[in-house]
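Position chain B against the provided structure of chain A, taking the given hints into account.
First to last, the sequence lines map onto chains A and B.
For the first sequence, our numbering gives the first residue as 1, with consecutive numbering after it.
For the second sequence, our numbering gives the first residue as 1, with consecutive numbering after it.
Hints were generated in silico from the structure; no laboratory data involved.
Just so it is clear, the structure is predicted and the values come from calculations on it, not from any experiment.
Ideal Cβ placement from N, Cα and C applies to all residues, glycine included.
Some clues are possibly wrong.
Stated by the list, open to error - Covered stretches of chain A (in silico footprint by chain B; criterion: 3 or more residues with CB under 8 angstroms from a CB of chain B, positions within the stretch not fixed):
| # | stretch |
| --- | --- |
| 1 | 29-37 |
| 2 | 41-55 |
Unchecked claim - Restricting the straight-line Cα-Cα distance to at most 30 angstroms, the calculated cross-link-like pairs of lysine-lysine (DSS-like) are:
| # | chain 1 | residue 1 | chain 2 | residue 2 |
| --- | --- | --- | --- | --- |
| 3 | A | Lys-51 | B | Lys-86 |
| 4 | B | Lys-38 | A | Lys-55 |
| 5 | A | Lys-51 | B | Lys-38 |
Stated by the list, open to error - Which chain A residues face chain B? A few, computed with CB under 10 angstroms, are given here:
| # | residue |
| --- | --- |
| 6 | Met-1 |
| 7 | Leu-4 |
| 8 | Ala-22 |
| 9 | Pro-23 |
| 10 | Glu-24 |
| 11 | Arg-25 |
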Amino acid sequence: MLLLRIMSCLQGYLVIHVTGDAPERFVNMAASRGIYLWDVEQLVNGTVIIKVRLKDVHALRHVARRTRCRFRIRQRSGLPFYAAVLRKRRALTLGAFLFLIILYSLSSVIWFIEVKGNEKLDSSYVLQAAAQAGLRRGALKWNINSGAVEEKIIEQLPLLSWSGVYIKGTRATIEVAERIVPDDEDRQPVHIVAKKTGVIKEVLVLNGSQAVQEGDTVSPGQVLISGEILPVVEEQPPGEEGKKPVENVEPVRFVHAMGIARARVWYEGYSEVSLVETGQRLTGRQKTRVSIKFKSKEIILSGNQNQNEPFAAYETKTFINKAAEWRNISLPVELITVKYFELADYRVERSRAEARRTAEEQAYAAAVEGMPADAVIQERWVEEVETGDSDKLARVKVVIETVEDIGEESHINGVSGS
Amino acid sequence: MVLRDFRRKVKKQFADFLELPGDVMLDLPKITMFGDIKLYIENHRGIIEYSTSGVRVGVRDGELVVTGEGLLLRNVLPDEICVEGKIKTLSFSY
Chain A
1 MLLLRIMSCL
11 QGYLVIHVTG
21 DAPERFVNMA
31 ASRGIYLWDV
41 EQLVNGTVII
51 KVRLKDVHAL
61 RHVARRTRCR
71 FRIRQRSGLP
81 FYAAVLRKRR
91 ALTLGAFLFL
101 IILYSLSSVI
111 WFIEVKGNEK
121 LDSSYVLQAA
131 AQAGLRRGAL
141 KWNINSGAVE
151 EKIIEQLPLL
161 SWSGVYIKGT
171 RATIEVAERI
181 VPDDEDRQPV
191 HIVAKKTGVI
201 KEVLVLNGSQ
211 AVQEGDTVSP
221 GQVLISGEIL
231 PVVEEQPPGE
241 EGKKPVENVE
251 PVRFVHAMGI
261 ARARVWYEGY
271 SEVSLVETGQ
281 RLTGRQKTRV
291 SIKFKSKEII
301 LSGNQNQNEP
311 FAAYETKTFI
321 NKAAEWRNIS
331 LPVELITVKY
341 FELADYRVER
351 SRAEARRTAE
361 EQAYAAAVEG
371 MPADAVIQER
381 WVEEVETGDS
391 DKLARVKVVI
401 ETVEDIGEES
411 HINGVSGS
Chain B
1 MVLRDFRRKV
11 KKQFADFLEL
21 PGDVMLDLPK
31 ITMFGDIKLY
41 IENHRGIIEY
51 STSGVRVGVR
61 DGELVVTGEG
71 LLLRNVLPDE
81 ICVEGKIKTL
91 SFSY
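Bound conformation, chain A alone (with noise of 0.2 angstroms):
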């Protein structure tokens, strides 16, 4: 029936109003002579409405006359007749096909490019090369072939390893792989110091020249193997302590002093913990309340309507949300949401032993808050310091030594590469 219908529309059909003494015949002869009628309808009056094909209201005429009724048309639908009506209004007609093709030509146009996935390379240099191979802005979307310009891409740019093209309506995306090129070595002369203050307990020198001990104390700047190698004082041998030393005395070198420099360091951490403890904390129940604000008006939209607080205690949140400006025009209107969290007072108390562990876990995380990685931790002390009030208060300082390496380049002031 549906399919029906839709051929009736595209044939065109027309809505008319038959009188007469007897429509029924009418109705019934037209379908007997293979006449599609609908939607018949009878109206107050007696008049009966019909919807007809088009093209069959001749056969009608021939139908109104045997059954002695007669119809007028009232109305016209259809295709042809929507078509009549563009034929006199060209100018509706040649704007809906002007749109048409604006949108289709102007969608078939590359309008953004976008790279992604370069790290070290310059975005500019990527979309020259896509431009050399025709990707370029306000290009047409079927002339460019993507698999061209990825190898056009590959071929100007040695720093990318892959490249990929894809065209997404009028938005084309370049996706990169960078290649990774090992950064060159650093030749810059450099001593290796201390980061902070420990005991050494090993040097290891891959270059330079050792400068301290083992069971030095050093403090942090102190250098730890010198990139300043001194020449070689040749020991004189004995029986020739008159000769005049070697002329050519070789000028100090500097290099970039390498090596591992492990010491034993110390982390302190401390912390006190009262046996009873009181204070405000969140009780989770919040309130929130929502407002327009207006230039200086401010219009409740949920929540507490007076401003009064919701809770005894409570601490707030507020987000302000304003409109996005454009070009210096600011919306004077802003939405603020404010959130309300209720506090309740709260009191702990603990056992000594209690109090103690916890200040021991505290002053231990304090601790170890300051230590590298790559520290291992060689010995603990955990001490609690009396102080009179114990029954109040558990202090306690955590020591903790480790060994780690301390070492850290120092480029050398006033010296270029060798």
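Below, chain B without anything else, positioned relative to chain A:
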């Protein structure tokens, strides 16, 4: 008359024996109804009367009377009629 009744009886028995559907063999109307809003009558013999409160459709040897409110003929085809509206009763009269 007697002969016609006899022929009909034979036809009916034949149709029952072969389990053929009645609308094919006996020329009966096939009526499909969707609740009280839509009614399809296939194999009809034309519209006898139509108004918004009642439709009479010719069927074999008699007529089918549909009464209701706001009735309209959605489709009128040589062998099928679709009546829409609020249908109240459906009866046969001979």
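Results for each hint:
no. : hint                : result
1   : 29-37               : holds (count 6)
2   : 41-55               : holds (count 3)
3   : A:Lys-51 / B:Lys-86 : 21 angstroms, holds
4   : B:Lys-38 / A:Lys-55 : 28 angstroms, holds
5   : A:Lys-51 / B:Lys-38 : 19 angstroms, holds
6   : Met-1               : 7 angstroms, holds
7   : Leu-4               : 8 angstroms, holds
8   : Ala-22              : 9 angstroms, holds
9   : Pro-23              : 7 angstroms, holds
10  : Glu-24              : 5 angstroms, holds
11  : Arg-25              : 8 angstroms, holds
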